[in-house]
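Could you put together the complete structure from these sequences and hints?
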Amino acid sequence: MDTLSKLQILSGAARYDASCSSSGSKREGPVCGIGNTSSSGICHSWSDDGRCISLLKILLSNDCRYDCAYCVNRSSTAVERASFTAREVVDLTLDFYRRNYIEGLFLSSAVMVSPDHTMERMVSVAETLRTEEQFGGYIHMKIIPGSSSELVRKAGLYADRISVNIELPSQASLQRLAPQKHKDAILAPMTMIGREIASSVVERKANRHAPRFAPAGQSTQMIIGASPETDFQILRLSQGLYKKMNLKRVYYSAYVPVSNDSRLPVLAGPPLLREHRLYQADWLLRFYGFSAEEILSDDAPNLDESFDPKSAWALRHPEFFPVEINRADYGTLLRVPGIGVTSAKRIIAARRFSAITPEGMKKIGVVMKRAKYFITCSGRSFEKSDRPAALLRQQLLLGASSEPTLSTQLVLPGIFS
Amino acid sequence: MNRYLYDGTADGLLSAIAWILEEEPDPEQVALAERKDTLFEDGFFIGTDATQAEALFFRLRKQAPDAAHTLYSFMLAEKEGMESSLLHFLSLAFIHGDKVNGHLTHPAVRDIVGVSKKAGRELHRLKGLLRFEKLQDGAYLAKMEPDHNIIHPLAYHFSRRLRAQHWFLYDVRRRTAARWNQGSLQFGTIEQFTAPALSADEKKVQALWQAFFKTIAIPDRKNPRLQKSNMPMKYWKYLTEKQGE
Ligand code: SF4
Numbered sequence: 001m002d003t004l005s006k007l008q009i010l011s012g013a014a015r016y017d018a019s020c021s022s023s024g025s026k027r028e029g030p031v032c033g034i035g036n037t038s039s040s041g042i043c044h045s046w047s048d049d050g051r052c053i054s055l056l057k058i059l060l061s062n063d064c065r066y067d068c069a070y071c072v073n074r075s076s077t078a079v080e081r082a083s084f085t086a087r088e089v090v091d092l093t094l095d096f097y098r099r100n101y102i103e104g105l106f107l108s109s110a111v112m113v114s115p116d117h118t119m120e121r122m123v124s125v126a127e128t129l130r131t132e133e134q135f136g137g138y139i140h141m142k143i144i145p146g147s148s149s150e151l152v153r154k155a156g157l158y159a160d161r162i163s164v165n166i167e168l169p170s171q172a173s174l175q176r177l178a179p180q181k182h183k184d185a186i187l188a189p190m191t192m193i194g195r196e197i198a199s200s201v202v203e204r205k206a207n208r209h210a211p212r213f214a215p216a217g218q219s220t221q222m223i224i225g226a227s228p229e230t231d232f233q234i235l236r237l238s239q240g241l242y243k244k245m246n247l248k249r250v251y252y253s254a255y256v257p258v259s260n261d262s263r264l265p266v267l268a269g270p271p272l273l274r275e276h277r278l279y280q281a282d283w284l285l286r287f288y289g290f291s292a293e294e295i296l297s298d299d300a301p302n303l304d305e306s307f308d309p310k311s312a313w314a315l316r317h318p319e320f321f322p323v324e325i326n327r328a329d330y331g332t333l334l335r336v337p338g339i340g341v342t343s344a345k346r347i348i349a350a351r352r353f354s355a356i357t358p359e360g361m362k363k364i365g366v367v368m369k370r371a372k373y374f375i376t377c378s379g380r381s382f383e384k385s386d387r388p389a390a391l392l393r394q395q396l397l398l399g400a401s402s403e404p405t406l407s408t409q410l411v412l413p414g415i416f417s
Numbered sequence: 418m419n420r421y422l423y424d425g426t427a428d429g430l431l432s433a434i435a436w437i438l439e440e441e442p443d444p445e446q447v448a449l450a451e452r453k454d455t456l457f458e459d460g461f462f463i464g465t466d467a468t469q470a471e472a473l474f475f476r477l478r479k480q481a482p483d484a485a486h487t488l489y490s491f492m493l494a495e496k497e498g499m500e501s502s503l504l505h506f507l508s509l510a511f512i513h514g515d516k517v518n519g520h521l522t523h524p525a526v527r528d529i530v531g532v533s534k535k536a537g538r539e540l541h542r543l544k545g546l547l548r549f550e551k552l553q554d555g556a557y558l559a560k561m562e563p564d565h566n567i568i569h570p571l572a573y574h575f576s577r578r579l580r581a582q583h584w585f586l587y588d589v590r591r592r593t594a595a596r597w598n599q600g601s602l603q604f605g606t607i608e609q610f611t612a613p614a615l616s617a618d619e620k621k622v623q624a625l626w627q628a629f630f631k632t633i634a635i636p637d638r639k640n641p642r643l644q645k646s647n648m649p650m651k652y653w654k655y656l657t658e659k660q661g662e
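As you go down the protein sequences, you meet chains D and C in turn. Last residue of the first sequence: number 417 in the numbering used here, and the count goes up by one each step with no gaps. Last residue of the second sequence: number 662 in the numbering used here, and the count goes up by one each step with no gaps.
These aren't lab readings, by the way, just hints derived from the structure by calculation. Hints are supplied without guarantee of correctness; some may be wrong.
[To be verified] Okay, the calculated bits of chain D under chain C, using three or more residues with CB under 8 Å as the criterion:
| id | segment |
| --- | --- |
| 1 | 87-98 |
| 2 | 146-152 |
| 3 | 268-274 |
| 4 | 360-370 |
[As the list claims (entries may be wrong)] In silico DSS-like pairs for lysine-lysine, Cα to Cα no more than 25 Å straight-line:
| id | chain 1 | residue 1 | chain 2 | residue 2 |
| --- | --- | --- | --- | --- |
| 5 | D | 345 | C | 560 |
| 6 | C | 535 | D | 369 |
| 7 | C | 621 | D | 362 |
| 8 | D | 363 | C | 534 |
| 9 | C | 479 | D | 345 |
| 10 | C | 535 | D | 363 |
| 11 | C | 534 | D | 369 |
| 12 | C | 659 | D | 362 |
| 13 | C | 516 | D | 345 |
| 14 | C | 659 | C | 621 |
| 15 | D | 363 | C | 560 |
| 16 | C | 621 | D | 363 |
| 17 | C | 560 | C | 496 |
| 18 | D | 345 | C | 621 |
| 19 | D | 362 | C | 479 |
| 20 | C | 516 | C | 534 |
Since this is a predicted model, take the numbers as computed values, not measurements. For glycine and all other residues, C-beta sits at the position ideal for the given N, C-alpha and C.
Rendered as structure tokens:
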């Protein structure tokens, strides 16, 4: 099979992987080699679904021994199988990088023969790129659950980011839908990676030349909507991963119905809105100082369809508002629906010079559509704040409905973070 | 209100501003414009002094590095008719330091910061969207038609990235070029551009990239509007993956 046909099969098989971030790592390239990475990440193109392309995202092979119910590559389906040689992946990466198509390589794989057999080949791609070809661009590698800790360690030394997919939000679901994968085989490498990253940071403080271990950190991904967990369960899981395992990102991937296996729910299409809401809630966990328990509860365990999670929180907490723009601290400003990190920073920068007036808010570029219901400027309010909650909900919805909601739905927030 | 004129060059602009900041008690009440060669132009002409211009920039970089960055990006935009705004912005920058960038309720600050942000955005975009083609002699060439004059910072970016490669950037509209070869970066103009021959395997690599670009999109999620808003059509002309669309 020629490289072109393999590329078509093996990039098609990788496209459901959500993470395409190339940020978080800053490396000067070797003088005689090619490539560096930049800490803010760069998008090189946007595919027909509007997603950022920054890495050559492919599987080394789709020839899988396992049979996970939700996966297009499971052993029991009849899809065309292909496997790259390590050299083919190295050449593709270099040819693309030299023409500025990509920031680097995102390499994942189905389980060929055994986890170690697969992981060994993946590591050899990274090793060749780094040592033989002096490649300084970005490398993100997936860890195959069940591979030896020696290989995981090697992967971390060559890659900028490594990730182990958690796949499903609970052990029960994992057992039901991916019987050959075990929770321990997933959590053990995650824990080890977390430890290695932390100790490499410490060592490098003492010695500049100590080796770097996955400098862009580790991330994970789970499939949403293939199993019965609530959003509350999912968010608490993510919160734990951020806090205890020090993960950089958790990616959520809406389940795309691929089979009529009776263990899977029947869906009309992938639950995109739910995925979008989870990303918004995740954003609140990471950057806005919210906890999972503030966003959801056992009584209301799922995210609102019509409101973003921050507006939903604001509507449940009228006692918090209105917020006075000229006095509130950064954390408080961030709780106002419609005010994000950029707006909050601008408000704080602008009010150093003089109190901000309502016109001033527009001038500095704060979008008032939603914010106006929740703030005052030097005591002046924009809207009557004694509105009953039901009316406010309606106002917000009407205000929001004129926005092109669909167009923002598939943007994965944080690609530029 | 006093009105001053300068010769229309970047050095002229900065040296005029340096002069006004030095001599005028309240620069915010002063207007500055380019001298057009009409007979009855109203205003006092300030001659160009490149050392003054440079001194102004270095002084700013020391006192307010972020504002100096704003000034640098603003100059990439080659905007006409905003001289007075720039003067007022710089006068505030020397009073308030870097905080000035946040003074967005001030019209001059908002204009200057706005223009400089746009230039910065295009620079960042082209770091991703620029496409090199391999030529017969093994060198690489990338063509572009950016709105802003960003060839310098862009070439610097690629000099850190594609170090072992011999490459050219060519701004088709401005006819300016950058060349990186064995560790040295040069700039110049190209009056007569003739398209050089491509290397034998170039089309094959392009076909691989085009195939990847097609397959990586999720068919159920087609969203041309989002694609265009992230990657405006004006950049498609030189995008390998968008040829023949
Ligand atoms: S191991 Fe991975 S590739 Fe194989 S069936 Fe499971 S999810 Fe799919």
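Here is what the structure says about each hint:
Counting residues of the segment 87-98 of chain D whose beta carbon lies closer than 8 Å to any beta carbon of chain C gives 4, which meets the minimum of three for the stated coverage. Under the rule that three or more residues need a Cβ within less than 8 Å of chain C, the assignment of the segment 146-152 of chain D is violated, with 0 such residues. As drawn, the segment 268-274 of chain D meets chain C at 3 residues by the rule of a beta-carbon pair under 8 Å; at three or more, the given contact holds. Counting residues of the segment 360-370 of chain D whose C-beta lies closer than 8 Å to any C-beta of chain C gives 4; at least three are required, and the coverage claim holds.
Taking the CA atoms of residue 345 of chain D and residue 560 of chain C, the gap is near 37 Å; set against the 25 Å cutoff, the hint is violated. Under the criterion of a C-alpha separation no larger than 25 Å, the hint pairing residue 535 of chain C with residue 369 of chain D is consistent with the structure, at around 24 Å. Among the hinted pairs, residue 621 of chain C with residue 362 of chain D is inconsistent with the structure: their alpha-carbon atoms are about 51 Å apart, more than 25 Å. The suggested pairing of residue 363 of chain D with residue 534 of chain C holds, with an alpha-carbon distance near 15 Å, which does not exceed 25 Å.
At most 25 Å may separate the alpha-carbon atoms for a hinted pair to count; residue 479 of chain C and residue 345 of chain D meet this at roughly 24 Å. Pair hint residue 535 of chain C plus residue 363 of chain D holds up; C-alpha atoms about 17 Å apart against a cutoff of 25 Å. About 24 Å separates the Cα atoms of residue 534 of chain C and residue 369 of chain D, which keeps this hinted pair within 25 Å; it holds. A distance of roughly 38 Å separates the Cα atoms of residue 659 of chain C and residue 362 of chain D; the hinted pair therefore is violated under the 25 Å criterion.
Among the hinted pairs, residue 516 of chain C with residue 345 of chain D is consistent with the structure: their alpha-carbon atoms are about 12 Å apart, no more than 25 Å. At roughly 16 Å between alpha-carbon atoms, residue 659 of chain C and residue 621 of chain C fall within 25 Å of each other, so this suggested pair holds. Distance restraint check for residue 363 of chain D and residue 560 of chain C: the Cα-Cα separation of roughly 37 Å exceeds the 25 Å cut-off, and the hinted pair is therefore not satisfied. For the hint linking residue 621 of chain C to residue 363 of chain D, the alpha-carbon distance of about 51 Å lies beyond 25 Å, and the restraint is violated.
Proposed proximity of residue 560 of chain C and residue 496 of chain C is supported: the alpha carbons are some 23 Å apart, at most 25 Å. Taking the CA atoms of residue 345 of chain D and residue 621 of chain C, the gap is near 48 Å; set against the 25 Å cutoff, the hint is violated. For a cut-off of 25 Å, the pair hint linking residue 362 of chain D to residue 479 of chain C is broken: about 32 Å separates their Cα positions. For a cut-off of 25 Å, the pair hint linking residue 516 of chain C to residue 534 of chain C stands: about 16 Å separates their Cα positions.
The structure fails hints 2, 5, 7, 12, 15, 16, 18 and 19 (numbered hints given earlier, in ascending order).
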